[in-house]
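Number of protein chains: 2
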Amino acid sequence: MALLRRLLLKFPSEVRCGPCLKYSTAAGEYGASLESIQEAATRIRPYANRTPVMTSDYLNDLSSRNLFFKCEIFQKGGAFKFRGGCNAVFSLSEETAAKGVVTHSSGNHAGALALAANMRKIPAFIVIPEGAPQCKLDAVTENGGKITQCFPSVPEREKTAAIIQEKTGATMIPPYNYGPVISGQGTMALEFLEQVAELDAIVVPVSGGGMLSGIAIAAKALKPAIKVIAAEPSGKNEAPDVALSKARGELVDLPVPDTIADGLRAKLGSLTWPIIRDHVDDVVIVKEEEIIVAMKLIFERMKVVVEPSGAVGLAAVLSNQFQVCEDLKACKNVGIILCGGNLDLEPLFQTYK
Amino acid sequence: MALLRRLLLKFPSEVRCGPCLKYSTAAGEYGASLESIQEAATRIRPYANRTPVMTSDYLNDLSSRNLFFKCEIFQKGGAFKFRGGCNAVFSLSEETAAKGVVTHSSGNHAGALALAANMRKIPAFIVIPEGAPQCKLDAVTENGGKITQCFPSVPEREKTAAIIQEKTGATMIPPYNYGPVISGQGTMALEFLEQVAELDAIVVPVSGGGMLSGIAIAAKALKPAIKVIAAEPSGKNEAPDVALSKARGELVDLPVPDTIADGLRAKLGSLTWPIIRDHVDDVVIVKEEEIIVAMKLIFERMKVVVEPSGAVGLAAVLSNQFQVCEDLKACKNVGIILCGGNLDLEPLFQTYK
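Protein sequence lines correspond, in order, to chains S and U. For the first sequence, position 215 matches number 215 in UniProt numbering, and the numbering has no gaps at all. For the second sequence, position 159 matches number 159 in UniProt numbering, and the numbering has no gaps at all.
Hints listed in this document are in silico derivations from the structure and should not be mistaken for laboratory results. Check each hint, because a few of them may be wrong.
One copy or any two copies: either way a pair holds, since identical chains are not told apart in the list.
Stated by the list, open to error - Mimicking DMTMM-like on lysine to aspartate or glutamate, the simulated pairs with C-alpha atoms at most 20 angstroms apart in a straight line are:
(1) K296 <-> D138
(2) K353 <-> D262
(3) K329 <-> E166
(4) K353 <-> E300
(5) K353 <-> D258
Just chain S, same shape as in the assembly:
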């Protein structure tokens, strides 16, 4: 009974895990486990890119560390989100998959899910709030996803998705608070530690926590001494929820942060929070101007394209908070996730017209 209650707590009823029960078993105490992440790695291998790790002498000097950048900007769809979406889509039974998948998202998850569904040749129904940038719509339609637009509010998004789900029997794939998605994102850590075994720390941007929790589970299981550090934008006016929740030891409910890191405008979930509570060592809060500086450094010095969210990890490592932290002084080899590279580049190309 105690176990059941515990399981219920970890898999609350609003997350439909029906088709993934097999998966949930592998996930163990949390929404994901090393085993479920290893399964995910095998599952997505034929479809996802094994992304390269890059280094920069300039940024090593600047940070007084050896930095290793895991380039998820080179993942299919231009962001890490494809890992989770792909694992979720290919975890479904044939019968369930045939009815398709559904989600509501205005970000990288929408395009990633459409792409994964397209690879499995099943329908993807994507609810996108009105006013979302055209490039996000394009990423869905060019992968064959079916878009339904709705009024831009969370209740309206959820309602619209529920109606589609009811009508089609499609499986809801939430963007982060969902075991198969967390396990998919965790595959980054498996690869990263294979590529750079000597990592002392991994710094991971956080908002909903799907990427952070997946990486934390895998990295701590493989290398218990490794530090897993969250990099969280403070937003323009607010204290951020991950830092506050970690400090208090309980999930704090705050408004979604108002930050230029548009990929990080979400809140921790019921599955991601317990993992972050138990397995993340520290949270570094990053200011808006630090994100812009880091983004510029990555463009200019590494010659790769990152969206603001993708630069949050480097911003954290270069911040005073990170540099003076006693616990992190011994971390010489620091891994940073460049999590996405999807942004509106039009202002740059305007200059050539």
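Mind docking chain U on chain S? Use the hints.
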């Protein structure tokens, strides 16, 4: 006597090859040979990056080919120029090197030469015309290069550099019309064919022709059946000189092209022209708007930063001229050099302020 005349033709007196006589011997009939390029590869190996090759399913579909991108944007200094500068600097004898190197350039060669000289711990005297972009000056000064600014005209640049050379005894390292520089650039082809042996063609941006001639020598020596294709911007008003020279079979002297591809505003030289005449299969002329489209595709689909010159190879492959060319129909596996990624990104970051 005939041999001497021939040598004089290949090494005209305005290019001071004094310290490189040993090198010139290895260069054979032209300013460079497979042997001199292989020597260059050994020489620069401890300093230069072996740049990766990237692919893109999207761009493969768009071009109906298998495209392989040699990413010189990830070369030291952000452009292929470091290969030539490094080979030139490390070809010098101890005694000659100690007096330093000198060049006049407002482009990537200036920063690349300063960087190579810095690695050998010798002075680099760089003449830069007034009005050059700040980022080019920064690339020199942050590598310890000594800048002399001058009136922006070719005679003034040459005069200023000659005065410095006279005063310091530094060796002049021209940006492209110089054997050791051509051989350094040729190392790209050695690596590329090691990385992708099945290449049927290599498409190379051209202006002065240092990169194109080095690659042509190496690629044709290693794989005689390979096509080496020049990609040349037409500029805003003019017919381009490489296409015209190839068509006429003689070096045509035209004004420097007015193109957004600022790295390609130069003219063929006395050393590069004979190689291009004899070893380049075809020239594809690229329009300004095609360069912008290609640049955008590379940013958006490959998530890497290229300057306009760096996008000229893809622009050529996507052009109608390339797509309908009978000779190129059989070329399924096409290599493209992404030659540089140094550009002013400020307009992009302005949007976040």
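**Report entry** Intra- versus inter-copy proximity for E166 and K329 (alpha-carbon distance at most 20 angstroms)
**Finding:** neither (53 angstroms within a copy, 51 angstroms between copies)
Requested in this report: Please work out whether the CA atoms of K296 and D138 approach to 20 angstroms or closer within one copy, between two copies, in both situations, or in neither?
Outcome: Close across copies (15 angstroms), not inside one copy (26 angstroms); limit 20 angstroms.
Query - Homomeric proximity label, K353 with D258: Cα distance no greater than 20 angstroms - result: between (32 angstroms within a copy, 15 angstroms between copies)
Report task. Can you give me the call for K353 and E300, within, between, both or neither, at a CA distance of at most 20 angstroms? Result -> between (22 angstroms within a copy, 18 angstroms between copies)
Report task. Can you give me the call for K353 and D262, within, between, both or neither, at a CA distance of at most 20 angstroms? Result -> Answer is between; shortest inter-copy Cα gap is 15 angstroms, intra-copy 27 angstroms.
Checked against the numbered hints above, the structure breaks only hint 3 and satisfies the rest.
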